[in-house]
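Student: Listed below, chain by chain, are the residues.
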Amino acid sequence: MSRPPAAMTVRPARAPASWAIAAAAVALVVWSAHGAGVDFVTLFGGEAIRQIGLYVARLFPPDLSPVALRAAAVGAVETFAISFVGSLLSVMIALPLAIATMRTLLYRGALYEGQQLHASRRLAGVAVYAAAKAILNVLRTIPEIVWALIFVFMVGLGPFPGVLALGLHTGGVLGKLFGEVLEDVDPRPLEALQATGATRRQILLYGVLPQAAPQFLSYALYRWEVNIRAAAIMGFVGAGGLGSQIHIAISLFLEQQLLTLILAVYVIVTLVDALSAWLRSRLV
Amino acid sequence: MATIPSDAPVARSLASDRKSGFPWLLAVAFALTLVGSLRVAEVDPRLLVERDALANVGRFVAGAWPPRVSAEFLGLMARPVAETIQISVTGTLFAVLIGFPLGILATSTLMWRGVLHERRVQRRRWLLGLPVYAVARALLSVFRAIPEYVWAFMFVRAVGLGPFPGVLAIGIAYGGMLGKVYSEILESVDPRPLETLQAAGASRMAVVFYGLVPQALPTFVSYTLYRWECAIRASAILGFVGAGGLGQQIELSMRMFQFDEVLTLLATLFVLVALVDFISGRLRARLL
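From first to last, the protein sequence lines are chains A and B. Note that numbering that gives the first Met the number 0 has the first sequence beginning at 0, numbered continuously upward. Note that numbering that gives the first Met the number 0 has the second sequence beginning at 0, numbered continuously upward.
For reference, chain B alone in the conformation it holds in the complex (with noise of 0.2 Å):
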């Protein structure tokens, strides 16, 4: 019993005492910040049941049943449906492309530290690997912080209407998010076969290739094929800024009150994303 030193009890209140602060702290500033936001995001929900919001959603709904699925219609979204799907293939392609080499660059187990770099304590080459890691991350980091739609409107605006604007945007804020996830993939393989790897005598190169590599490819393509889903959803709406695909019949028709034709377009968007997750589902099951 002697033995328990006294200040035991101290340190436990004291740390209960840390624990149960933070809580209060979070709630306060939980409310603050609801307070505010309410008002400055104008929040009224009496707006939703005035008479005129009524009558816009009765207008809208009587205006969208049935949807219209004329001949006519339908084999004009034909070249909407495709374009869209073409835009998301492109673009995820740009985006490996442009998140494939930056995400190498922005991985520090590859550039200045950790088992590759352990062999020769090399000064020059830290120094030259931090610089160039840091572009990266802060170059993937733009990329991705930026919407794409934002991305979107800009290349209309510097390459004309169509779909390439629609895919270059894709292509540079995937490419960031990609580029992030593929470093976050590098760094957190097992180290294990590496260090076996570099202990039997490899090359940098053969540890890349035959440790690293076949240790992230899976999870590369997996994350790949997902953020395809994503794009899919993306390239449906970048039309809205006149990037091609669905996006910019939906936002045709929406202008025009055809609600109708809104419908339509918003159920074949519908199937479209579906099939889309479909495929990519399978493949990932395949792969993982």
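Just chain A, same shape as in the assembly (with noise of 0.2 Å):
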């Protein structure tokens, strides 16, 4: 009996919270609605959705004409190129950086249970952990479409710049969950390991990996299912793949040309979605 009014009495306290909240976010979408522009009452049945089906009208039928087929192959298979070289060198940049930014292995937690750490070794341990964690966020904070215009500054147009672009970026987001996926594991088989002697080295490679190895993949192919979307538009700064051309056909006026593109994008990204899920399927 005592505990539906003891229920009753934690609401009232929630509630004028939960109105401020409500009510800031109303007046968040007001504003945001105000100042970019939209008006819902023109929106349908004005100008803009008149626009907008006449350019439709103007995407079809698609040219399907065998040059511009080839010309959406060829970029297609560049843009899956870009994707899957990036991704790998995601990984490739993440991997370190994670087990750098590990603080259970480097200072604190159970390993360290009962030992006095010297001030110098713990201090190099903090130094180790913020400098990963500086450069990570450093790498995920600049967008990919930031760094492939820097890298086509360094290394000229091409796809190049695109990998490197994605690599990067990608690896700043892949190092912070790795990161997380890291100091998740459970504590029990590297203390284990550590009683009977094991190196740091060894725990690492015998007890923390092998644990977070699965959501690892996970991870690396949910954004190698990102990556694609974005080496699709890597060609908008010059950095190959299905984007370049996607950028001349609507610079163009190419519509129908456009509507190919597209739908190669379509296919490509599909394809590597339904790869993606059928790999983890097997493997995680």
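Read the hints as simulated data drawn from the structure, not as lab findings. Even for Gly, the Cβ is constructed at its ideal location relative to N, Cα and C. Incorrect hints may appear among the rest.
Said to hold, decoys possible - The following residues of chain A were derived to be distant from chain B, with all beta-carbon distances above 12 Å:
#1 E46
#2 R102
#3 L122
#4 V125
#5 A129
#6 V180
#7 Y265
#8 V271
#9 L278
Stated by the list, open to error - Computed from the model, here is a short list of chain B residues facing chain A with C-beta under 7 Å:
#10 L31
#11 V39
#12 V42
#13 Q85
#14 Y148
#15 F163
#16 T267
Taking the hints as your guide, dock the two standalone chains into a single complex.
Tutor: What follows is the structure, given as structure tokens:
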């Protein structure tokens, strides 16, 4: 009998905050819709919807001439290659950095229980952790398209800067995700290994990584799905793939060719999604 | 001992044979794909250490430091920052408006199978539900397979420059993602409360509103907030194709080699994203 009243007394305490959040959300939406120049009334049945309709009508029928199809196929293969190599590069960047952010391996937690760490040794651990975290933050914060611009400056036009851009940005994202997995591994096998006299490196290789590998793989496959979409737009800044042709087709008002290219994006993205889902079900 | 079937070891070796074949096949396919992709993507690490490349990096770094923090430039940035937030919020709202109805239509347990449909086996209803379901799935798949930048670029062509095409692009692309995830959430709810409600004689509407919605709502809101975090990143760079926000400034400064401005803009983007992550994270922690 005492439980329902208790629950009721909790509720009113939360209610004002919930109302405040709701009011803030409504205010944010109104301010945003106003600022973004969106008028929901004139959008539907208005000029905007008519213009969009006209544009869509111009897209049809898609240009299915051999030349256009060949160009789309070449672009699709290049897009796939950029996403594939870029994703691999990102795993190679993420792995060492994630391990360097694993505090439980560096200087604290169960492995260091009952040991008095030398101050300088502890400081070194903290420094490695902080540096790796900072690098990951920078990699992650800069969007892939900005990385692509930077690398186009560096190594010139082509798919290679696209690979580097995806590798660095996704390396930062995966490094953070991998790091979270590493800090969450079950500490008991690590302690057991330590008790048998294993070194740090052996604990990492035989205790930490086997536990984390399935999740690593799952995250890497997920990011590959994100990367195939990103690879499709790298060409907007000159970094290869279907994006460069899409950019040209849009800029020169070649709408029917554009539809062919968009269909190619759809096919390659759906293909990678399916491949990634299949690999995940087989491997993880 | 005699009861052990003699073919047991055979079955075991068959199974292990199949298991050992797959990784090899996968490794070969992986190696071939890698070699092919390295060629197609023109990967050449030597380009990174060439003198020109290093000089360009040097120019970039030297130009970027110190970041430009003059009052004039910071004042100029207020508008793009506000615009980025506005695009992300309105775009996410659009995405919900698109994703929610389509997501419901793309939910098999609502449209043509499962607890809600087992009381009366109605052929006609099944025939009606399945095509609608298939069309909704196809639409969502097209919406989310095409990147938001491509949508944005097309909408810039259709409705002109400014934040509006950005809103539409995020609305369509994220609507496709939200719709898919909404339908997955609805399909994975615990069916037992629904069955209990139905056994108690509840109507179909009552089953949906008292059984399905309460289970799905917190996950719905949480995932939508997560998408908003992604939308702020996206809206910041949609400006690269002329759809407003910070991206337009970043591209402009980049093209004019004003790298000190680029650094300030990127730092602003970082703060903005961190802020939205923080707010959204707090809200999600309250919900779940």
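Student: If a hint holds in the structure, say so; if it does not, say that too.
Tutor: Outcome of the hint check:
1. E46: violated (8 Å)
2. R102: holds (21 Å)
3. L122: The assertion about L122/A holds, with a minimum of 27 Å to chain B.
4. V125: holds (22 Å)
5. A129: Per Cβ check, A129/A is outside 12 Å of chain B; nearest 17 Å; holds.
6. V180: holds (18 Å)
7. Y265: violated (5 Å)
8. V271: violated (10 Å)
9. L278: violated (8 Å)
10. L31: violated (11 Å)
11. V39: At about 4 Å, which falls below the 7 Å cut-off, the nearest Cβ of chain A leaves the hint on V39/B intact, so it holds.
12. V42: Status holds, d = 6 Å.
13. Q85: holds (4 Å)
14. Y148: Because about 4 Å separates Y148/B from the closest Cβ in chain A, which is inside the 7 Å limit, the hint holds.
15. F163: Constraint on F163/B satisfied, holds at 5 Å.
16. T267: Nearest chain A Cβ about 11 Å off; hint violated.
Hint check: violations occur at hints 1, 7, 8, 9, 10, 16; the rest are consistent with the structure.
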